[in-house]
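Colleague: Here is what each chain is made of, one letter per residue.
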Amino acid sequence: MSDRPPLIPAEPPRDAGPDAPGVRLRGARLAYGGRALFDGLDLDLVGGQITGLLGPSGVGKSSLLRMIARLEPDGAAEVRTDDDAALTGQIALMEQSDQLLPWLSVLDNVLLGARLRGERPDRARAQALLDRVGLGDRATDRPASLSGGMRQRAALARTLMEDRPIVLMDEPFSSLDALTRLRLQELAAELLAGRTVLVVTHDPMEALRLAHRVFIMRGSPARLALAAEPPGLPPRRADDADLARQYGELLRRLEASA
Amino acid sequence: MMSAVRIAVTVAGLLALWQALVWFSDLPPYILPPPSLVLTRLASDLALVARHAGITLIEIVLGLSLGTALGASAALAISATPALRRWLFPVLVIAPSIPFFALAPLLVLWLGYGLASKVAMAAIIIFFPVTAAFLDGLRRTDPSWLRLARVMTDGSSKPRADWAELRHVRLPAALPALGSGLRVAAAVAPIGAVVGEWVGSSAGLGYLMLHANGRMQIDLLFAALLTLSVIGVTLFFVVDRGLRAAMPWQADSLPEERT
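Residue numbers (our numbering), protein chains in the order written: chain V, 1 to 258; chain B, 1001 to 1259.
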């Protein structure tokens, strides 16, 4: 019951960058053992918007996300911002496994980036972010004492602490129970507003709730297709009738690709 | 407190078993002395046994420190240098099948009858388990932690990013594996020291045991053996407790019993 969402203040997040650049991925190619996972793939992430990426498992969604962060040593692609600048130091990453280091306190996990870069840790800001995600009173605890939902909240605070204009999220809430997932989607949409976000997910509802544009990735080698542009601002209500209709449609398209 | 009771019960049980063996086997005391005789001998010759035990303990602690320091350094060097890894990894794989105890006579020849040859023997047999365990830990960092570190240090120079990743992620992540290596090391270090003493020495519990054996003082031999066992078990517990205190995030895989 300690997993209750925090009260979300009416004011917009203080560090949301309204002028976050878009991302242009061109000619992405990745092959494992002679088999091309994808080849000549293009993807545009609109600046300040959330892009959802759906597709069957094994199709290469996570690999494509990692190509943007240049984490696939075997891959080749041209990745720039839409104003043709390099992406160096502009990306924050959040994955399904919360990536919390078990030997550090929750607060020190949030400060990990500063620690790794040898910067002065801004403890006050880290504590404020933990307050924002509802973990203000757990700052000195170790991750092992937190529930799955709380751990992903801590990961979200760490991602926000990095304060990068581009955020890559790989199945961020997949390991959570349905209710916790809904709450965290709302929190993430609220706190990430204004940033350029890519959310890889296998849950069409998650994509529809969070994303401005939803792509489906399928085939071998994989192709991308724009599948939905849900109206209104995220986070959208899960019980919205229009969303339910689009959900059915996305499921049909995913089924056809499986 | 419950564990203290359990240890006392175990020790009492073992002594009872020993005594029962003496009664039922009907062996003479110069072959298998009863525990009472051994404890009496230990009490009357306490100063003698303590002096030799002190020397063996110094050999064990020095050997353990030296072997651990060398093993941990080797693991770090191997993990940081791909060329070293290619050449030395096969060596580490076959090393456990090399009978290093056979080196003991050579070590005594090279390093003399004193402490040095025993410390070297203990250090050599400790080196490989420590290196192998720590290296294994350094190689098995959770790849998602490394991706996170890489994204966070994007823009730093490569040596700087590599160092930060080692210091803040890979090294602490490998500490539990190093801990397993240290537990093995604590268990085998006394063996190394005593084997060194058997081959050639003028002091230490191994020397005392050979000496007593030669004079048919089997009760003294058993007293030395008992002392050595106490040292070994105590050492293991100290290392184990120390490691647990140093790594509180490393929870037991078996849930703690509720009392």
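If you're looking for bench data, these hints aren't it; they were derived computationally from the structure. One should not assume that every hint holds.
[Said to hold, decoys possible] Cβ-Cβ distance ranges computed for the label pairs, FRET-style:
(1) B:1093 with V:34: 29 to 35 Å
(2) B:1245 with V:141: 52 to 58 Å
(3) B:1083 with V:141: 39 to 45 Å
(4) B:1017 with V:147: 58 to 64 Å
(5) V:121 with B:1096: 42 to 48 Å
(6) B:1017 with V:121: 36 to 42 Å
(7) B:1093 with V:46: 50 to 56 Å
(8) V:141 with B:1016: 55 to 61 Å
(9) V:147 with B:1140: 46 to 52 Å
(10) B:1100 with V:34: 41 to 47 Å
(11) B:1100 with V:147: 46 to 52 Å
(12) V:117 with B:1244: 44 to 50 Å
All values reported here derive from a predicted model rather than from experimental measurement. Don't be surprised by glycine CBs; every beta carbon is placed ideally from N, CA and C.
Colleague: Between the beta carbons of residue 1093 (chain B) and residue 46 (chain V), is the distance compatible with 50 to 56 Å?
Modeller: Holds, since residue 1093 (chain B) and residue 46 (chain V) (Cβ atoms, about 52 Å apart) stay within the stated range.
Colleague: Is the distance from the Cβ of residue 141 (chain V) to the Cβ of residue 1016 (chain B) consistent with 55 to 61 Å?
Modeller: Given about 47 Å between the Cβ atoms, the range is violated.
Colleague: With respect to the beta-carbon atoms only, verify the hint that residue 1093 (chain B) and residue 34 (chain V) lie 29 to 35 Å apart.
Modeller: Given a distance of about 30 Å, which is inside 29 to 35 Å, the answer is holds.
Colleague: Does the Cβ distance between residue 1245 (chain B) and residue 141 (chain V) fall inside 52 to 58 Å?
Modeller: The hinted range 52 to 58 Å is violated for residue 1245 (chain B) and residue 141 (chain V), with Cβ atoms some 19 Å apart.
Colleague: When you take the CB atoms of residue 1083 (chain B) and residue 141 (chain V), is the distance between them in 39 to 45 Å?
Modeller: With a Cβ separation near 43 Å, residue 1083 (chain B) and residue 141 (chain V) satisfy 39 to 45 Å, so the hint holds.
Colleague: Is the hinted range of 41 to 47 Å satisfied by the C-beta distance from residue 1100 (chain B) to residue 34 (chain V)?
Modeller: With Cβ atoms ~45 Å apart, the hint holds.
Colleague: Is it true that the C-beta distance of residue 147 (chain V) to residue 1140 (chain B) lies inside 46 to 52 Å, as the hint says?
Modeller: 26 Å Cβ-Cβ, so the 46 to 52 Å window is violated.
Colleague: So does residue 117 (chain V) sit 44 to 50 Å from residue 1244 (chain B), Cβ to Cβ?
Modeller: 32 Å, violated
Colleague: Within 46 to 52 Å: is that where the Cβ-Cβ distance between residue 1100 (chain B) and residue 147 (chain V) falls?
Modeller: Distance hint for residue 1100 (chain B), residue 147 (chain V) holds at roughly 49 Å.
Colleague: Take the C-beta atom of residue 121 (chain V) and the C-beta atom of residue 1096 (chain B), compute their distance, and say whether it sits inside 42 to 48 Å.
Modeller: Given range 42 to 48 Å: holds, Cβ gap about 43 Å.
Colleague: Taking 36 to 42 Å as the hint, is the beta-carbon distance of residue 1017 (chain B) and residue 121 (chain V) inside that range?
Modeller: 58 Å, violated
Colleague: The hint says 58 to 64 Å between residue 1017 (chain B) and residue 147 (chain V); measuring C-beta to C-beta, is that right?
Modeller: 48 Å, violated
Consistency note: the structure conflicts with the earlier hints numbered 2, 4, 6, 8, 9, 12.
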